[in-house]
Amino acid sequence: DAGVTQSPTHLIKTRGQQVTLRCSPISGHKSVSWYQQVLGQGPQFIFQYYEKEERGRGNFPDRFSARQFPNYSSELNVNALLLGDSALYLCASSPLRGLLDSPLHFGNGTRLTVT
Amino acid sequence: KNEVEQSPQNLTAQEGEFITINCSYSVGISALHWLQQHPGGGIVSLFMLSSGKKKHGRLIATINIQEKHSSLHITASHPRDSAVYICAALNFGNEKLTFGTGTRLTIIP
Numbered sequence: 001d002a003g004v005t006q007s008p009t010h011l012i013k014t015r016g017q018q019v020t021l022r023c024s025p026i027s028g029h030k031s032v033s034w035y036q037q038v039l040g041q042g043p044q045f046i047f048q049y050y051e052k053e054e055r056g057r058g059n060f061p062d063r064f065s066a067r068q069f070p071n072y073s074s075e076l077n078v079n080a081l082l083l084g085d086s087a088l089y090l091c092a093s094s095p096l097r098g099l100l101d102s103p104l105h106f107g108n109g110t111r112l113t114v115t
Numbered sequence: 001k002n003e004v005e006q007s008p009q010n011l012t013a014q015e016g017e018f019i020t021i022n023c024s025y026s027v028g029i030s031a032l033h034w035l036q037q038h039p040g041g042g043i044v045s046l047f048m049l050s051s052g053k054k055k056h057g058r059l060i061a062t063i064n065i066q067e068k069h070s071s072l073h074i075t076a077s078h079p080r081d082s083a084v085y086i087c088a089a090l091n092f093g094n095e096k097l098t099f100g101t102g103t104r105l106t107i108i109p
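Order-wise, the sequence lines are chains A and B.
Going by the working numbering, the first residue of the first sequence is number 1, and it counts up by one from there.
Going by the working numbering, the first residue of the second sequence is number 1, and it counts up by one from there.
For reference, chain A alone in the conformation it holds in the complex (with noise of 0.2 Å):
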């Protein structure tokens, strides 16, 4: 099976523009988060989704939002970039809405570097 997939694997964008990542869980996965890793530091949770909705939310501001899809894909999409918007942005996926009794699968991520 294929584990969870990301793409693109790099994005350079400017100051102001937005983007678009997209995120593909493994098949039966109905549980997507998304996670941003500056460079040196440990990843930051963003967002949750299970079954289409939000479930949970990062101390993020509004121009980060994110969906999820009736297949259980996910993008994020980021307005007004800023130049400290640049890292590693991750998805996970996991079968179930919590994540006490499923591991998570995390994808290879997105490196956005905003100049």
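Possibly wrong hints are sitting among the right ones.
Listed below are the simulated DMTMM-like cross-link pairs for lysine to aspartate or glutamate, each with C-alpha atoms no more than 25 Å apart in a straight line [what the hints assert, rightly or not]:
#1 A/30 - A/51
#2 B/53 - B/67
#3 A/52 - B/95
#4 B/96 - B/3
#5 B/96 - A/62
#6 B/96 - A/53
#7 B/53 - B/17
#8 A/13 - A/75
#9 A/52 - A/62
#10 B/54 - B/67
#11 B/53 - B/3
#12 B/96 - A/51
#13 B/96 - B/67
#14 B/96 - A/54
#15 B/68 - B/5
#16 A/30 - B/95
#17 B/96 - A/75
#18 B/55 - B/81
#19 B/54 - B/95
#20 A/52 - A/75
#21 B/96 - B/5
Chain B side only, calculated, beta carbon under 10 Å to chain A, not exhaustive [to be verified]:
#22 43
#23 44
#24 99
Calculated Cβ distances over 10 Å to all of chain B for the following chain A residues [what the hints assert, rightly or not]:
#25 8
#26 11
#27 12
#28 16
#29 30
#30 60
The hints are simulated quantities; they were obtained by calculation from the structure and are not laboratory data.
The beta-carbon is built from N, C-alpha and C at its ideal position, and this holds for glycine as well.
Based on the hints, put chain B in the right spot on chain A.
Relative to the frame of chain A, chain B by itself:
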């Protein structure tokens, strides 16, 4: 002060050495994850534990809920174990993951 702290930040050891990476957390948790991140970014889940001890091959993870502390041990370390190891606490109640900043492990042949 971060809610999840790891030590050491960097660790270099010779092949074959016994490795210990520590994780302390200040929040109430439901479970704790240990993750491995290789250069390029991909993350692999190693363990999820809420009590006691788990073992998989040369890797052992322990957690002490009362002391809010977890350790990851690697026996007979090998250069292929070189990676960043991250602990992540699953917050009790809201089930949000809070990550440590990671420990960069380098095993020298």
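Hints, one by one, checked against the model:
Taken as a hint, the residue 30 of chain A and residue 51 of chain A pair is honoured in the structure, with Cα atoms around 6 Å apart against an allowance of 25 Å. Proximity of residue 53 of chain B to residue 67 of chain B is assessed by CA-CA distance (about 15 Å); at most 25 Å being required, the pair is judged to hold. Proposed proximity of residue 52 of chain A and residue 95 of chain B is supported: the alpha carbons are some 18 Å apart, at most 25 Å. Our distance criterion of 25 Å between C-alpha atoms is met by residue 96 of chain B and residue 3 of chain B, whose separation comes to about 12 Å.
Between residue 96 of chain B and residue 62 of chain A, the direct Cα distance comes to roughly 19 Å. Compliance with the 25 Å bound is thereby established for this hinted pair. About 16 Å separates the Cα atoms of residue 96 of chain B and residue 53 of chain A, which keeps this hinted pair within 25 Å; it holds. As the CA atoms of residue 53 of chain B and residue 17 of chain B are separated by approximately 21 Å, the hinted pair is consistent with the 25 Å bound. Between residue 13 of chain A and residue 75 of chain A, the direct Cα distance comes to roughly 17 Å. Compliance with the 25 Å bound is thereby established for this hinted pair.
The hinted pair formed by residue 52 of chain A and residue 62 of chain A meets the criterion: a straight-line CA distance of about 19 Å does not exceed 25 Å. Among the hinted pairs, residue 54 of chain B with residue 67 of chain B is consistent with the structure: their alpha-carbon atoms are about 18 Å apart, no more than 25 Å. Only pairs whose Cα atoms come within 25 Å are accepted, and residue 53 of chain B paired with residue 3 of chain B is accepted, the gap being roughly 22 Å. Taking the CA atoms of residue 96 of chain B and residue 51 of chain A, the gap is near 17 Å; set against the 25 Å cutoff, the hint holds.
Distance hint between residue 96 of chain B and residue 67 of chain B is fulfilled; the C-alpha atoms sit about 21 Å from each other, no more than 25 Å. Restraint check for residue 96 of chain B and residue 54 of chain A: the C-alpha separation of about 13 Å stays at or below 25 Å, so the hint holds. Only pairs whose Cα atoms come within 25 Å are accepted, and residue 68 of chain B paired with residue 5 of chain B is accepted, the gap being roughly 11 Å. Only pairs whose Cα atoms come within 25 Å are accepted, and residue 30 of chain A paired with residue 95 of chain B is accepted, the gap being roughly 16 Å.
Between residue 96 of chain B and residue 75 of chain A the CA atoms are separated by roughly 19 Å; this keeps the pair inside 25 Å, and the hint holds. For the given pair, residue 55 of chain B sits about 16 Å from residue 81 of chain B by alpha-carbon distance, which is consistent with the 25 Å threshold. Using a Cα cut-off of 25 Å, the hinted pair residue 54 of chain B and residue 95 of chain B holds, with the two alpha carbons roughly 21 Å apart. A hinted pair counts as satisfied when its Cα atoms are at most 25 Å apart, and residue 52 of chain A with residue 75 of chain A qualifies at roughly 11 Å.
Distance restraint check for residue 96 of chain B and residue 5 of chain B: the Cα-Cα separation of roughly 16 Å lies within the 25 Å cut-off, and the hinted pair is therefore satisfied. The interface hint given for residue 43 of chain B is met, as the beta carbon of that residue sits about 4 Å from the closest beta carbon of chain A, less than 10 Å. Given hint, residue 44 of chain B at the interface with chain A, holds; its Cβ is 7 Å from that chain's nearest Cβ, closer than 10 Å. Hint status for residue 99 of chain B: holds, given a least beta-carbon distance of 3 Å to chain A, under 10 Å.
The claim that residue 8 of chain A lies off the interface holds: its Cβ sits roughly 13 Å from the closest Cβ of chain B, which is beyond the 10 Å cut-off. Interface exclusion of residue 11 of chain A from chain B stands, the closest Cβ pair being 13 Å apart, more than 10 Å. Every C-beta of chain B lies more than 10 Å from that of residue 12 of chain A, the closest at about 16 Å, which supports listing it as non-interface. No Cβ of chain B approaches the Cβ of residue 16 of chain A within 10 Å, the least distance being about 26 Å, so the stated non-interface status holds.
Listed as a non-interface residue, residue 30 of chain A keeps its Cβ farther than 10 Å from every Cβ of chain B; the least gap is roughly 15 Å. Listed as a non-interface residue, residue 60 of chain A keeps its Cβ farther than 10 Å from every Cβ of chain B; the least gap is roughly 12 Å.
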